[in-house]
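2 protein chains.
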Amino acid sequence: MATLVAPPNHSPVEDAEALGKAVKGWGADEKAIISILGHRNGAQRTQIREAYQNLFQEDLIKRLESELSGDLERAMYRWILEPAEREALLANLALKRDEKCYQVIVEISCVLSPQELFAVRSAYHNRFKRSMEEDVAANTTGHLRQLLVGLVSSFRYGGSEINARLAQSEADALHEAIKKKNESNEEIIRILTTRSKTQLVATFNRYKDDHGIAITKKLSDEGSDEFHMAANLAISCINDHKKYYEKVLRNAMGSIGTDEEALTRVIVTRAEKDLKEIKDVYYKRNSVHLEHAVAKETSGDYKKFLLTLMGKED
Amino acid sequence: MATLVAPPNHSPVEDAEALGKAVKGWGADEKAIISILGHRNGAQRTQIREAYQNLFQEDLIKRLESELSGDLERAMYRWILEPAEREALLANLALKRDEKCYQVIVEISCVLSPQELFAVRSAYHNRFKRSMEEDVAANTTGHLRQLLVGLVSSFRYGGSEINARLAQSEADALHEAIKKKNESNEEIIRILTTRSKTQLVATFNRYKDDHGIAITKKLSDEGSDEFHMAANLAISCINDHKKYYEKVLRNAMGSIGTDEEALTRVIVTRAEKDLKEIKDVYYKRNSVHLEHAVAKETSGDYKKFLLTLMGKED
Numbered sequence: 134m135a136t137l138v139a140p141p142n143h144s145p146v147e148d149a150e151a152l153g154k155a156v157k158g159w160g161a162d163e164k165a166i167i168s169i170l171g172h173r174n175g176a177q178r179t180q181i182r183e184a185y186q187n188l189f190q191e192d193l194i195k196r197l198e199s200e201l202s203g204d205l206e207r208a209m210y211r212w213i214l215e216p217a218e219r220e221a222l223l224a225n226l227a228l229k230r231d232e233k234c235y236q237v238i239v240e241i242s243c244v245l246s247p248q249e250l251f252a253v254r255s256a257y258h259n260r261f262k263r264s265m266e267e268d269v270a271a272n273t274t275g276h277l278r279q280l281l282v283g284l285v286s287s288f289r290y291g292g293s294e295i296n297a298r299l300a301q302s303e304a305d306a307l308h309e310a311i312k313k314k315n316e317s318n319e320e321i322i323r324i325l326t327t328r329s330k331t332q333l334v335a336t337f338n339r340y341k342d343d344h345g346i347a348i349t350k351k352l353s354d355e356g357s358d359e360f361h362m363a364a365n366l367a368i369s370c371i372n373d374h375k376k377y378y379e380k381v382l383r384n385a386m387g388s389i390g391t392d393e394e395a396l397t398r399v400i401v402t403r404a405e406k407d408l409k410e411i412k413d414v415y416y417k418r419n420s421v422h423l424e425h426a427v428a429k430e431t432s433g434d435y436k437k438f439l440l441t442l443m444g445k446e447d
Numbered sequence: 134m135a136t137l138v139a140p141p142n143h144s145p146v147e148d149a150e151a152l153g154k155a156v157k158g159w160g161a162d163e164k165a166i167i168s169i170l171g172h173r174n175g176a177q178r179t180q181i182r183e184a185y186q187n188l189f190q191e192d193l194i195k196r197l198e199s200e201l202s203g204d205l206e207r208a209m210y211r212w213i214l215e216p217a218e219r220e221a222l223l224a225n226l227a228l229k230r231d232e233k234c235y236q237v238i239v240e241i242s243c244v245l246s247p248q249e250l251f252a253v254r255s256a257y258h259n260r261f262k263r264s265m266e267e268d269v270a271a272n273t274t275g276h277l278r279q280l281l282v283g284l285v286s287s288f289r290y291g292g293s294e295i296n297a298r299l300a301q302s303e304a305d306a307l308h309e310a311i312k313k314k315n316e317s318n319e320e321i322i323r324i325l326t327t328r329s330k331t332q333l334v335a336t337f338n339r340y341k342d343d344h345g346i347a348i349t350k351k352l353s354d355e356g357s358d359e360f361h362m363a364a365n366l367a368i369s370c371i372n373d374h375k376k377y378y379e380k381v382l383r384n385a386m387g388s389i390g391t392d393e394e395a396l397t398r399v400i401v402t403r404a405e406k407d408l409k410e411i412k413d414v415y416y417k418r419n420s421v422h423l424e425h426a427v428a429k430e431t432s433g434d435y436k437k438f439l440l441t442l443m444g445k446e447d
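Protein sequence lines, in the order shown, are assigned to chains A and B. Per the numbering used here, the first sequence starts with residue 134, numbered consecutively. Per the numbering used here, the second sequence starts with residue 134, numbered consecutively.
Don't take each hint at face value.
Since the list can't tell identical chains apart, any single copy or any two copies may satisfy a pair.
What the hints assert, rightly or not - 30 Å max Cα-Cα, derived DSS-like pairs, lysine-lysine:
no.: 1; residue 1: LYS375; residue 2: LYS262
no.: 2; residue 1: LYS330; residue 2: LYS229
no.: 3; residue 1: LYS262; residue 2: LYS406
no.: 4; residue 1: LYS341; residue 2: LYS262
no.: 5; residue 1: LYS376; residue 2: LYS436
no.: 6; residue 1: LYS376; residue 2: LYS262
no.: 7; residue 1: LYS351; residue 2: LYS314
no.: 8; residue 1: LYS437; residue 2: LYS376
Treat the hints as calculated values from the structure; they're not laboratory data.
Modelling step: build the complete structure from the supplied sequences, incorporating the hints.
Below is the structure:
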């Protein structure tokens with residue numbers, strides 16, 4: 134369930150007028166901007182962007198970029214986009230960073246549904262005039278490249294059928310491949326990039342039943358290079374993306390300071406989807422409410438905005 | 134341009150009734166079936182299937198399968214399907230053959246537009262309850278697998294931009310990779326599976342200008358294993374698919390007997406698209422009209438059907 138609280142009836146024109154007032158003159162009225170956009174769903178935000186363009190002959194996104202700053206600006210910029218466009222942007226930003234971060238690439242490829250991933254690839258074409266896979270491929274080499282390009286390009290079957298014999302034989306194949314280390318990465322790549330999610334979860338369960346250890350644990354025991362880390366992330370995202378996001382949030386608010394980028398990413402991308410359940414997982418794991426943790430780690434209008442998206446006014 | 138001659142106004146119900154008459158009793162009226170279905174486009178054929186189902190509570194495809202036989206049956210079965218469903222079927226048949234034939238996989242992946250290829254992948258899900266890439270991956274190994282899975286999974290950027298510097302650097306990279314033989318196949322795979330078609334054609338032209346030899350010629354000089362053959366096919370399909378189809382037709386009607394499967398495939402899949410231009414290329418290359426060659430190599434109702442799709446009544 135979503136945490137976003139959006140009224141079913143809103144007037145895009147009135148919202149656009151109110152936003153026009155909030156960005157007028159010196160210094161924007163951040164609270165007004167948050168109280169409007171932090172309570173509108175994707176379709177509503179798109180209507181507001183259109184109404185704003187018509188009223189003021191100006192792109193609302195560009196205007197907000199120039200009026201806001203810091204973490205709030207980045208969070209609002211991500212929030213206001215349509216989901217597919219936002220994920221395409223996040224992927225591109227991850228690929229352009231100096232310190233390459235493949236986590237976002239794996240996350241988008243493995244958490245989204247096959248149809249959603251395809252929508253992101255289309256949005257990537259429109260926005261960057263290139264394919265997502267060619268940018269991934271140009272930034273990587275070897276087995277890591279094979280794995281990431283395969284994940285990004287996947288269009289998994291979405292049905293709920295499970296082939297138990299296949300789960301057994303591929304759990305065995307994964308076991309052999311992990312033991313042989315880098316010799317047999319190709320089998321790991323083939324299985325992780327092509328099978329349906331339902332089938333893969335059955336395979337991972339089979340693995341755990343047969344070997345008494347989670348495949349992610351075994352993989353990280355055997356290697357800590359980029360390939361092993363990416364394979365591990367992919368398995369976590371496919372296995373249970375809510376648990377995966379709980380961990381991202383926990384690490385983002387860990388002892389070595391706050392990772393605002395990860396915090397913003399998870400809250401903005403999940404607020405309209407299943408942040409409610411992720412909050413529950415977080416509470417079970419940490420005995421702290423996610424809102425309290427976020428409130429402690431952030432401040433000012435950025436904090437206000439994140440809490441608003443989480444359905445909690447501060 | 135298409136060669137198919139289809140009247141804009143037709144009555145699906147009248148067509149379905151006429152087909153019902155043609156398959157009634159002992160022995161079907163092949164000529165009547167050909168004269169109807171051989172003159173209807175994809176949307177019209179789908180309407181006829183629906184009308185037939187409503188009228189007779191029976192699947193027209195299944196009925197035709199039981200009434201027709203041999204090459205005509207196979208050609209009609211392929212023709213009557215929607216393009217994406219047909220290509221999914223052709224891919225699946227190619228993967229199930231004992232003597233593996235990757236030509237069809239490469240052809241579908243590289244001739245179709247990115248959006249069309251995605252429609253085929255969706256149709257494959259619906260029909261076979263698996264992804265096309267998982268069947269390709271399960272049937273292949275090594276570099277051939279990487280290449281084929283990459284081609285099948287590609288969603289190339291479809292714009293017309295050319296980056297001349299990139300064309301130069303990747304023409305150089307391809308040259309180095311081909312020289313080093315199997316050591317550097319991964320660069321060939323990366324370039325062929327991710328770049329836009331427009332960009333790739335620029336790269337192949339750059340290669341020819343720099344080295345005085347077509348990259349396909351160089352590739353087949355350096356290796357004749359399955360990987361090299363598949364890479365070569367991919368380049369031919371991307372470079373000029375009409376020339377590619379001319380060659381498929383020429384080989385299908387070569388000196389060692391007729392390859393009805395290839396002949397049917399090209400005529401059925403291109404009759405509604407660009408068989409007119411392929412006929413022109415064929416005539417230029419062979420000084421024989423394609424219709425004459427087909428008429429010489431085939432016979433009976435099968436011949437009549439192919440000629441009808443080519444816009445030529447015999």
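Hints and how they fare:
1. LYS375 <-> LYS262: between (32 Å within a copy, 27 Å between copies)
2. LYS330 <-> LYS229: Both. Shortest intra-copy (29 Å) and inter-copy (24 Å) distances satisfy the 30 Å Cα cut-off.
3. LYS262 <-> LYS406: Close inside one copy (28 Å) and across copies (27 Å); limit 30 Å.
4. LYS341 <-> LYS262: between (43 Å within a copy, 26 Å between copies)
5. LYS376 <-> LYS436: This pair counts as within: shortest intra-copy Cα distance 23 Å, inter-copy 61 Å.
6. LYS376 <-> LYS262: Between copies only: 28 Å across, 34 Å inside.
7. LYS351 <-> LYS314: within (11 Å within a copy, 36 Å between copies)
8. LYS437 <-> LYS376: within (25 Å within a copy, 62 Å between copies)
Checked against the numbered hints listed earlier, the structure breaks none of them; every hint is satisfied.
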